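The whole structure should be built from the sequences, with the hints applied where relevant.
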Amino acid sequence: MTALKRAVSALLLLALSLAAHAQLTIEITGAGANRIPVSIADFAGEPGVSRAVAMVIRADLERSGLFKMVEAGAPLAENAAVNFGDWKSRGADALVVGSVAPTANGRFEVRFRLYDTQKQASLGGLVYVMTAQQARTTGHRIADFVYEKLLGEPGVFSTRIAYVVKSVGRFELQIADADGMNPQTALASKEPIISPAWSPDGGRLAYVSFESKKPVIYVHSLASGSRHVAANFKGSNSAPAWSPDGRKLAVVLTKDGGSQLYLVNADGSGIVRLASSSGIDTEPFFSPDGQFIYFTSDRGGSPQIYRVPAEGGSAQRITFEGSYNVTPRLTPDGKNMAFVTRNGGRFQLALMDLASRQTQVLTDSDKDESPSFAPNGRMIIYASEIGGKGVLAAVSSDGRVKQKLSVQAGDVREPAWGPFSKN
Amino acid sequence: MRNKLIMAILGAALLAGCGTTVDPEQSGAPVEDRGAKRIDGAEVKRVTPDDNLGSVLAAVKQGVLAKRSVFFDYDSYVIKDEYKSLVEAHAKFLVANPRVKMLIQGNADERGSREYNLALGQKRAEALKKMLTLLGAREDQLEAVSLGEEKPRCSEANEACWSQNRRDDMLYTGEF
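Chains A and B, in that order, are what the protein sequence lines are. Counting along the first sequence from 1, when you hit position 418 you're at 418 in the numbering used here, and nothing is skipped either side. Counting along the second sequence from 1, when you hit position 106 you're at 529 in the numbering used here, and nothing is skipped either side.
These are computed hints drawn from the structure, not numbers from a lab. All values reported here derive from a predicted model rather than from experimental measurement. Keep in mind that a hint or two might mislead.
Stated by the list, open to error - DSS-like, lysine-lysine: derived pairs with alpha carbons at most 27 Å apart: (1) B:515 x A:190; (2) B:515 x A:234; (3) A:389 x B:507; (4) A:389 x B:574; (5) A:234 x A:255; (6) A:68 x B:574; (7) B:553 x A:234; (8) A:213 x B:507; (9) B:574 x A:213; (10) A:255 x B:507; (11) B:574 x A:367; (12) A:190 x B:553; (13) A:335 x A:248; (14) B:484 x B:553; (15) A:190 x A:234; (16) A:190 x B:507; (17) B:515 x A:213; (18) A:234 x B:507; (19) B:490 x A:234; (20) A:255 x B:574; (21) B:507 x A:402; (22) A:68 x A:149; (23) A:389 x A:213; (24) B:490 x A:213.
This is how it looks when you write it as structure tokens:
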């Protein structure tokens with residue numbers, strides 16, 4: 001081996017280990033009360049690709065905290081005859097079987113079928129044509145199919161999350177698959193990056209960057225990597241929130257004195273003031289129907305959550321209990337609101353049923369912030385701290401399923417769960 | 424007199440070491456490059472098209488004007504009496520040098536929501552801005568911004584540390 005070759009392979013190893021350090025690892029720390037026992041058999045044909053697909057399906061379902069894996073044994077083809085009695089006695093309520101076959105130009109055809117072993121019936125199946133590199137993507141799609149058929153709500157295994165990693169002197173806005181794999185850096189900066197927010201179509205991120213020694217709002221197109229300034233007025237510019245149609249951003253500006261709410265077109269044009277108060281108004285969030293903007297304000301003496309009609313109008317107070325309720329985030333169906341509440345110096349995540357105003361505290365930690373709902377409303381990802389280190393955590397809206405997401409290399413914070421993927 | 428001149432030039436050289444030194448308001452103006460001179464072993468470079476502004480700014484590196492921070496109580500944006508003389512000195516300087524600008528960066532401790540803390544830092548920056556304008560500084564000389572909890576001076580989770588992070592920093596032209 002020449003010195004050059006050695007140096008190159010050392011560099012490659014270094015790059016690989018750096019990638020491993022940057023990887024978000026997910027640990028399940030709490031599971032649902034009644035997990036559905038499911039068996040995912042290895043797919044028949046093309047052992048390498050088959051195993052990769054099946055492993056992703058199992059890991060996704062297991063990580064959701066709502067399924068329990070039942071050992072399947074030998075591979076089972078998509079068209080194999082299924083002995084339902086046998087699978088019932090093994091304890092599996094559902095079974096996935098499948099086949100992988102090579103097609104032209106190095107691609108693979110993946111077929112699968114989902115069975116309900118109790119009803120002894122097929123719940124359907126699909127066919128995908130993919131490259132070997134798309135094995136994970138295909139696995140996530142199959143897991144989404146299984147999840148939806150068995151639970152009656154869409155799965156979020158094919159979605160992505162954005163978050164900020166802080167290491168020494170460096171901030172990175174990263175985007176990873178919902179299982180933490182394939183992290184990619186959209187922006188790296190020496191100065192802080194906060195408040196990433198996904199456009200409803202999943203193509204853009206709005207965020208606040210301090211690269212010019214003050215907070216400025218940018219809109220960043222993920223596919224092209226190009227970005228533009230959405231708000232850079234005198235004073236601070238922060239807290240971007242997308243309107244459900246993706247055309248406007250609710251933002252917080254201080255150009256007229258005090259932190260106040262404004263609406264601006266996503267391209268930075270057409271700025272209008274949305275509300276006025278003598279105190280702090282911040283953290284706007286659109287209701288999913290676009291009718292209201294929820295926000296945090298100290299107009300009543302302590303930070304509480306209010307809402308105003310998106311067209312403007314008078315504010316209505318939403319939270320009353322406690323002296324610190326901030327960061328309103330509504331479920332995709334608009335029925336519930338997650339927020340951060342302070343209980344005796346501890347900052348915890350709470351969920352309010354907006355119709356009854358019933359509130360439930362979901363977490364038992366000290367420094368929870370920045371909640372963000374999965375697009376199916378089942379899980380909430382948020383920032384927390386363990387042993388002085390910034391980590392992400394996720395909790396189900398019933399408080400039962402819990403996950404911890406961390407990176408070895410630094411602090412993770414400011415999570416934002418992306419929308420359903422369009423394809 | 425000669426000493427003062429050298430001090431002023433050295434001050435300008437120090438500014439050159441701080442990174443961006445061109446007044447952002449004047450960045451469109453042509454910067455004359457008259458090359459570098461060597462005086463007493465120090466390399467001296469021109470940093471602005473205006474000699475006078477450079478020498479004026481040397482003053483903010485010394486004496487009371489070198490003090491640039493005001494600290495706050497928890498959840499408060501009231502400027503305490505102990506900082507009044509400091510704020511007065513900076514206001515006097517701004518009044519005497521109307522072409523000098525100041526960026527006021529408000530900061531908050533780490534507890535609670537990042538965006539709410541950004542708004543708290545803004546309140547602190549604006550409280551200082553208001554006091555400076557009441558003392559005669561012009562509105563267009565001042566910009567109040569917030570860094571929220573993002574740039575802590577101290578990073579332990581205790582009150583001694585948090586109290587250092589609840590603060591306003593004053594930056595002059597050439598420092599931001």
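Problem - Those earlier numbered hints the structure runs against, lowest number first - result: Violated: hints 1, 3, 6, 12, 16 and 21.
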